[in-house]
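> Sequence:
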Amino acid sequence: MSPIPILKHQKITNKIGRQLDEIFMSAKIVKFYKPVDWKIDEHTIVQPDNLVICHIPTNEYYLTKAPEIVFEVLSKSTAKKDLGIKFDLYEKEGVKFYFIINPDGEVAKVYKLKEGRYIKVGDFSDEILNFSIDECNKNLSFNFNKIW
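Sequential numbering of the sequence shown, starting at 0, is according to numbering that gives the first Met the number 0.
For the record, the hints were derived by calculation from the structure and aren't laboratory data.
Hints are supplied without guarantee of correctness; some may be wrong.
[Said to hold, decoys possible] Taking lysine to any residue pairs in the SDA-like style, the calculated list, with each CA pair at most 25 Å apart, reads:
#1 K7 <-> S74
#2 K14 <-> V35
#3 K27 <-> F130
#4 K91 <-> A65
#5 K30 <-> Q18
#6 K14 <-> A26
#7 K111 <-> A65
#8 K91 <-> T63
#9 K27 <-> K137
#10 K64 <-> D40
#11 K111 <-> H8
With the hints as extra help, turn the sequences into a complete structure.
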């Protein structure tokens, strides 16, 4: 079991959640969560810091289908897993966008799934990223300046 995230980590995940709430306020199917279990198979359960789904969950206790967006906020105890094991797992399972947030450097690396592989969209600190998710039928603007 991982230790409780430091205050800065929690502050960032809360700010990501607030921004997602604003973005998806009027959406009927789109939901965001922080954190929730995603049961990939009987031996693999992950709990991303923040995530967005564009489907109705079939289970009230955990997700069984890949989210469209996953946010992981790096910490000393989880960075290696977030950058390695989870990166590969999310790519393999079809997570459309993976946001890796580095609180120490105040930079986020964003990856988009294209033809089954993650392609780096860019590094963001105070920029706004405009992108769309077909499954959510939504154009999004995510302001990185609001998460620090």
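> Run every hint past the structure and note whether it holds.
To see whether the hints hold, each was checked on the structure:
no.	hint	result
1	K7 <-> S74	holds (10 Å)
2	K14 <-> V35	holds (17 Å)
3	K27 <-> F130	holds (19 Å)
4	K91 <-> A65	holds (10 Å)
5	K30 <-> Q18	holds (12 Å)
6	K14 <-> A26	holds (19 Å)
7	K111 <-> A65	holds (14 Å)
8	K91 <-> T63	holds (15 Å)
9	K27 <-> K137	holds (11 Å)
10	K64 <-> D40	holds (10 Å)
11	K111 <-> H8	holds (23 Å)
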